[in-house]
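Take a look at the letters that make up each chain.
There are 4 protein chains.
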Amino acid sequence: MAKIPVAVLGATGTVGQHFVKLLIDHPWFELVALTASERSAGKRYAEVAKWYLSDEVPEEVAGIEVRPTDPGAVEDAKLLFSAMPAEEAQKIEPACAEAGYIVSSNSSNFRMDPDVPLIIPEVNPDHLALIDVQRKRRGWSGCIVKNPNCTTIVFVLTLRPLLDAFGVKSVFVSSMQALSGAGYAGVPSMAIENNVIPFIAREEDKVEEEPLKLLGKLEGKDVRLAPMRISASCHRVPVLDGHTEAVFVELGRMASPEEVAGVLGKFRAKPQRLKLPTAPEHPIIVSNAQDMPQPRYARNAGSVPGMAVVVGRIRKDPALKNGIKYLVCGHNVIRGAAGAAVLNAELMKAESYL
Amino acid sequence: MAKIPVAVLGATGTVGQHFVKLLIDHPWFELVALTASERSAGKRYAEVAKWYLSDEVPEEVAGIEVRPTDPGAVEDAKLLFSAMPAEEAQKIEPACAEAGYIVSSNSSNFRMDPDVPLIIPEVNPDHLALIDVQRKRRGWSGCIVKNPNCTTIVFVLTLRPLLDAFGVKSVFVSSMQALSGAGYAGVPSMAIENNVIPFIAREEDKVEEEPLKLLGKLEGKDVRLAPMRISASCHRVPVLDGHTEAVFVELGRMASPEEVAGVLGKFRAKPQRLKLPTAPEHPIIVSNAQDMPQPRYARNAGSVPGMAVVVGRIRKDPALKNGIKYLVCGHNVIRGAAGAAVLNAELMKAESYL
Amino acid sequence: MAKIPVAVLGATGTVGQHFVKLLIDHPWFELVALTASERSAGKRYAEVAKWYLSDEVPEEVAGIEVRPTDPGAVEDAKLLFSAMPAEEAQKIEPACAEAGYIVSSNSSNFRMDPDVPLIIPEVNPDHLALIDVQRKRRGWSGCIVKNPNCTTIVFVLTLRPLLDAFGVKSVFVSSMQALSGAGYAGVPSMAIENNVIPFIAREEDKVEEEPLKLLGKLEGKDVRLAPMRISASCHRVPVLDGHTEAVFVELGRMASPEEVAGVLGKFRAKPQRLKLPTAPEHPIIVSNAQDMPQPRYARNAGSVPGMAVVVGRIRKDPALKNGIKYLVCGHNVIRGAAGAAVLNAELMKAESYL
Amino acid sequence: MAKIPVAVLGATGTVGQHFVKLLIDHPWFELVALTASERSAGKRYAEVAKWYLSDEVPEEVAGIEVRPTDPGAVEDAKLLFSAMPAEEAQKIEPACAEAGYIVSSNSSNFRMDPDVPLIIPEVNPDHLALIDVQRKRRGWSGCIVKNPNCTTIVFVLTLRPLLDAFGVKSVFVSSMQALSGAGYAGVPSMAIENNVIPFIAREEDKVEEEPLKLLGKLEGKDVRLAPMRISASCHRVPVLDGHTEAVFVELGRMASPEEVAGVLGKFRAKPQRLKLPTAPEHPIIVSNAQDMPQPRYARNAGSVPGMAVVVGRIRKDPALKNGIKYLVCGHNVIRGAAGAAVLNAELMKAESYL
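Chains as they are written, first to last, in numbering that gives the first Met the number 0: chain A, 0 to 353; chain B, 0 to 353; chain C, 0 to 353; chain D, 0 to 353.
In isolation and in its complexed conformation, chain A is listed as follows (with noise of 0.2 angstroms):
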């Protein structure tokens, strides 16, 4: 099988370069363009992406001529993942899938727009089918997939399973994410040494609405958002990779920790029947241990490192008719971006989107 051609729109940041990395390998897809700001097209991909990975930036792409970020740049690639940010995507995106490409973006303009499929596989992969109800009402002949929030989908992962099995009414969450999630300059050394930021702009709207969609049921051409509620609150702290999260969740029904371990730790989903490349085997691990999920560990986890999550600390919440509340941990750039969108192109190839 020919390898489908693809490029990485904004490959120069922390998400680019867990796309670059998750790509050069990859058996369905074959990298063949990287592109950055006008600052950076020209240059060689090694010479603008500051490389935070711990290993070297791949021989394969190192040399690459970065080129700029333009839908007639890219022409030798049907596939592009956009990790750009928000505001150029919004404009850049449209215009790639009306010219034609199928555009996996990680960016977070257009997420809850009624006609844009907002897609975690192993939570939503029907919703695929809006691409056609996008492409007719924008006659577009390429499309826009997104993937929500970092830290949305590290929870709504293990929210479908609970949700399928003993029904949620609300949900409480408290993050700490980590200094990835705000791009390589983000956030300066002197405001997290020794401390806690407890806000990240425009973070806990996102994962309040966010989840509403993806754990919607989609009826005809429109998703009915979930009847639950979501309240967040969103704090980054001294970590490198890895978003861990306290979750508080009133069920439909009583279930005791363990059934909800059993539930979480049985889940599979569509990826894992498919067996995408990127799925993990079990997108949730169960912990026993009394002190995990830690990020330091978590942030490796699953067959597919990065793209599992861990589940720890599962009990009774006593403050929630129903309630339980558990930790969970995953890498947000992996599970939480660029192996998000790459999971999605994926699933669309498998169904024949691509």
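Don't take each hint at face value.
The list treats identical chains as one, so a pair stands whether inside a single copy or across any two.
[Unchecked claim] Derived lysine to any residue pairs resembling SDA-like cross-links, with alpha carbons at most 20 angstroms apart:
1) 90 <-> 256
2) 20 <-> 63
3) 269 <-> 350
4) 168 <-> 258
5) 20 <-> 53
6) 265 <-> 304
7) 315 <-> 208
8) 42 <-> 67
9) 315 <-> 211
10) 220 <-> 350
11) 216 <-> 251
12) 77 <-> 252
13) 49 <-> 291
14) 49 <-> 288
15) 315 <-> 200
Just so you know, these hints were derived from the structure itself, not from any lab.
Fit chains B, C and D to the known structure of chain A by using the hints.
Structure of chains B, C and D alone, referenced to chain A:
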């Protein structure tokens, strides 16, 4: 007025060090003795206290010979501040109370005993009346008075005015706790570097039950526990001092963030009216900055540094009826431990128990 | 005595903030103006200074309107403290000196110019005489006086008494420098978390050449550079404030660690004799602890906090003839920058240059 | 070829864990036993090893029952890797060697004994011949072979090619050492958060004397110490793994940074020629980046991750005759400890001592 002679039991640890700092120039109390375990007894204080504060061991105490922790070894003192490990305090504190000492203790034992006053002077000063119950029941001439757990104190300070103004039905609290809470050698650097540890032994139980007593009503010889539900999730982050807590509160009636800010910011209580030396003018400082409170700043807040807590990011909670959410941060070893016990003793003195 | 009106140029950065703190209650100087870049001019100081210190922006300045950095904008001041970036200072400082202002500057430009006094008051107060040379040569009524680089100051304070007592032939210095030295946004947290960055742009050149001027002899209109060799290796570590330096010194004659400790500990100089307000009683504190100096403690050392440096671990050097080695640590922004410039101005005042 | 059965003595600590990882799929060695202190013996490995590595305890060993550290308890092994504390190793290792075991030890005892080979396979493989001297002198059928201290190994790897090409007269080394060097609980987080500890017990002595033996000449039954002078200053910084060292070297003859880079980058030695399984293709990697080597990257360098050291910032030294200075960084627990001992054992096998 002659000063009251006081001793610190368990003076070498992190809490003990803050006791020393708060007591050295205290207007009412005179520090006459420091005790520690057998291993340290007989040595100079500066030698055995692994001083973690950023200034030097105060000259006044550096050369003091540490005594063994024993009622017979501190007979020149009348008031004892206890920073002992709970297991030791369990045995030694009753012996001290029986021997006639007033014990103001930060140790976690006995806190929930019905005849032991568990006090935050701004929250429930009237509970001191349990001293009489305790003495009668146990036949002691001295007594034991407790302050709560550090995490408890920080957010319960904010619950008091909310309860009085609006009622409180349920509370969810998710903490990001400082290293000093575990003691000097409590958290190895290899455990927490580039990491979060989302577990603190026995912490959540304390945080869920102590507030019910603190906010309860003294009725005759008993405290009737407050009729509210509390759920806690406690986590350690790489910060030296200062506990940061995300709090979600179901109020008894609707209140806007502005009303809540007003009530919290105006809060004054008995310690302020009595002008107790260690009472901050404002026990709660409300910050309007979008990214506060942060522990590096909040931990020194207040007219008595470290004795005020800082509240920020007050906003509506979308998942609770009459819900609000906010962040609160305070110094876990000052307001949350040593300063708490000193303030309790000042209240006792002002109320003539001393 | 009427206070001398002073302004801080470049008042919003980390050095500017320390200038503000040191000047607010200064006995000789009165802070009348704060300047910043065009972008910040016209706004309130509290709004534009990203305050990193652990206390609040002082009330006295929080509401002050920041002025543009321009000689014409600070005419109510006589003395200017400069914390400008070197490129700007290069242009603005001469204009100020020409306009008659006394400029006490921390900026790195001009430091090695033959007619610019580069001063540490404890090391070479007599070099102030270059002011007359400078004025004559340049036709200025004002003048420019510089303090050295932060890393330079910390160890050169120790070289002065060693040179006088034993002679100094060569010096190797290996630094572990704090984040604040790079400015608030200088080091991204993602760059330094769980890491060391063993490079600081242009730092080693300064550290190797400035001491030769500081320890040189003023002969007529020129400073004859000190006849010693210095080699530096400069490195950034995850510490907020406080530069720690490992120093290996080849002395002119044999001296035991005890002799060296004696000479360093007894060191007093002109600022101490003149009782300058910002001069610490002991510019060098010798610690006998086996594991000191550590930046978390040493950075606040001295009777004027942050103005003394702490020396520890003095021992023979086995690889140098007459060699000794030791550690020295000092606050890079106080003793190494803002406090240095304030002390220089105090010396100028005491010596009637002001 | 049948694999050689091996055991790890002291298998639960940080060095022990790396031994386990390196040995699990080793082509020549088969891990048959893990030992620990009495307290841990009899328990499952996963239960007693406080696993600090970012992946899980390998399945192959998680369930293994830990044995007591005793020659009689590992009779199914022929080769023993020792990660015991020096005091224990002092007693147990001779007993093992007498009982006929080959002991490849990372413990610091005996390293300077004249008849104990202290080996870095790239530096002094011929010193293995001391095994015969040792056996004859002590009447052992087994033997003890040591690798040096972690800090020593990292920079001595660079001295070997410099000595051969240019001569080396004196060396100054200033280290920034990782937390893992002190063991899991060695450095409390409260000691090192926002701090540097410029002292490591007994480290400088090792770093100053071990290189003289390593670079010395084997003459008959003795090693003649290398005629050079070494001075060390050792410091702990908040980094998990990877020692960074600033090195100043007085060469025997003038060499430019380019020549030095050439000699270091081309260095290969016996382990490379023998293609030992744990030998990296290039023991020294020279980086041209202006701000490398950094431990977060360098600690995983090499074709066998963690077994190469990275050199950067090679420049002339202005204070030494024929002086150069540079940075070198390597993984302290892999190249500096467990990997060092494994490579020593591979050399022994290749040289038929095993």
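Structure-based check of each hint:
no.: 1; hint: 90 <-> 256; result: neither (46 angstroms within a copy, 36 angstroms between copies)
no.: 2; hint: 20 <-> 63; result: within (14 angstroms within a copy, 35 angstroms between copies)
no.: 3; hint: 269 <-> 350; result: within (11 angstroms within a copy, 55 angstroms between copies)
no.: 4; hint: 168 <-> 258; result: within (18 angstroms within a copy, 28 angstroms between copies)
no.: 5; hint: 20 <-> 53; result: both (12 angstroms within a copy, 19 angstroms between copies)
no.: 6; hint: 265 <-> 304; result: within (19 angstroms within a copy, 35 angstroms between copies)
no.: 7; hint: 315 <-> 208; result: between (25 angstroms within a copy, 15 angstroms between copies)
no.: 8; hint: 42 <-> 67; result: within (10 angstroms within a copy, 37 angstroms between copies)
no.: 9; hint: 315 <-> 211; result: between (24 angstroms within a copy, 18 angstroms between copies)
no.: 10; hint: 220 <-> 350; result: within (18 angstroms within a copy, 71 angstroms between copies)
no.: 11; hint: 216 <-> 251; result: within (17 angstroms within a copy, 34 angstroms between copies)
no.: 12; hint: 77 <-> 252; result: neither (46 angstroms within a copy, 56 angstroms between copies)
no.: 13; hint: 49 <-> 291; result: between (31 angstroms within a copy, 13 angstroms between copies)
no.: 14; hint: 49 <-> 288; result: between (36 angstroms within a copy, 12 angstroms between copies)
no.: 15; hint: 315 <-> 200; result: between (32 angstroms within a copy, 17 angstroms between copies)
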